[in-house]
Amino acid sequence: MLTQLVFTIAAYIAPVQALPAVVIAARRGDRLAFAELYRRFNRAVHGVVLARVRYVEAADIVQDVFAIALERLPQLAEAAAFPGWLLAIARNRAVDHVRGQKPTDELPDVPIEAPRSAEVAQVLVALRALPDAYQETLILRLVEGMTGPEIAEQTGLSPGSVRVNLHRGMKLLREKLGIASEEADEQAG
Amino acid sequence: MSKPDDYLWDRSGPADPDVQRLEQLLAPLAHDRPLDELALRRKRNRAPWIISGAVLIAAAAGLVLYLRASHGPCDGDAGFAFTAKGGTVGCANEQVARGVLPIGGVLDTGTATAELAIADIGIAELAANTRVRLDRNEANQRQQIHLERGRMHAKVNAPPRIFAVTTPSTGVTDLGCEYTIEIDAKGKGWIEVQSGKVELETTAHAVIVAPAGTSARLRENRAPSVPVVIGASPALRSAVTDWEQGTSDALPKLLAAAGIGDAITLANLAVLVPGDTSTQISCSAPCTDRDLVLNRLATLSPPPEGVTIHGALTDPALLERWRETIVAEQIVRNIEDGAAPKK
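Chains as they are written, first to last, in the working numbering: chain A, 243 to 431; chain V, 746 to 1088.
Hints may contain errors.
[As the list claims (entries may be wrong)] Looking from chain V toward chain A, a few residues come up when the C-beta cut is under 7 Å (computed): (1) Asp-763; (2) Leu-774; (3) His-776; (4) Pro-904; (5) Leu-1017; (6) Thr-1070; (7) Glu-1074.
[Stated by the list, open to error] Listed next, the stretches of chain A that the computed footprint assigns to chain V, with coverage defined by at least 3 CB atoms under 8 Å from CB atoms of chain V: (8) 301-311; (9) 314-327.
Simulated from the structure, these hints should not be mistaken for laboratory data.
Note that CB positions come from ideal geometry on N, CA and C, so glycine has one too.
Sequences are here, hints too, so could you generate the full structure?
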């Protein structure tokens, strides 16, 4: 009991607790530790869900994903595998949600006033048309505001992969949106 | 000096106006909802009912099994479920069309094909004349099957290193991907990776990484060959074979035959070649085979930031970082070539 208490306190006094320790604490039933996991990963989960699901539905699915994670956490043997495990739950939950729904364009009720809402919808459609590896990474960067190193840490991808995904994904996104890239300008010039 | 995409990477360097505009446009969509404790409780409150239901179903299933009084090794529940797609499949010497392959059990497809569920993380399609054995089934830790012969197409969606396949000559560790293995009874055959990447065991100290869009030969009683991209030139393939057979001038031929798309072959070769013996070809300075490979590799795929040829020669972690970058680039190239799995 005392060990548990000391562990829990230590987890929140320390400025940045190592992820495996937080996962282990959450697995033992420490709700503060689980809240910390939510704090660290909610944007990543939202980004992964938003790559597949309409904006207005994504936030509810994020809550579902964490509820499923809380339930299944005791089955996760390797605490360090948490990021990949959690995002796999998010992908599966998003895919399950989309199954059976008719394909549709982004709903207009994004929290943005017209005429920018139309532009947002257009960008989301273009992002979702990118190869899987790029769309998630770019959504995490452009929507959730995460940096490349943060994306690598929270997805379990290597920094090299994330950087390549961002670079190539942005290049394709520019093409889809009809934006001339600096590289293309330089080549043309 | 900053790179052109530094801003896209970590917001350092000069701001890219397109990226900045998209950031501003999309920022209002970022997630900011707090954790909904009620949603968690609702989910948890359902658990006792789900458990009660599961207990009742399990009890009913147990009763049915008991009444059937047929407790063959393929009727258990501590293994991988399988279904034959035609004909009959032998599971632990019984002819059955479906069931559960128990730990230690052997599935022989004979003239039929079968589908094996890899716990809840993936599927393995087994061709006719394929024989597999389930060696381990530890949820979320390690699931391992042994492919004795035949062809298996595996598709796995799980954290790296959860699923592994052993063959008579090597071990294949899944890093989250889709791949096909075909071998004869002596372990001779090939592996082709369709998405993600796999690790192939060589010796205790070296591991080959085969990413999407590459294939490697599996050899009898020997380590697997160095992976080559699926469209590699005949000259490169031939040079790889010569190098593996120990032909004296194979290395320089291999390096000369390698083009930009072959960086993954050289990145793996760099891990395998000696780093401390002199090379057979002329070299103005004291240099090793690894030195030669890395110098050629640098012209095809420059080392990532923070890694130099010298660093990679002296620090295995830096060499691994370089290879990891090339693996990532190969996966990306494969996606862009249209080989990526569709949703």
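Run through the hints listed earlier and report the numbers of any the structure violates, in increasing order. 5
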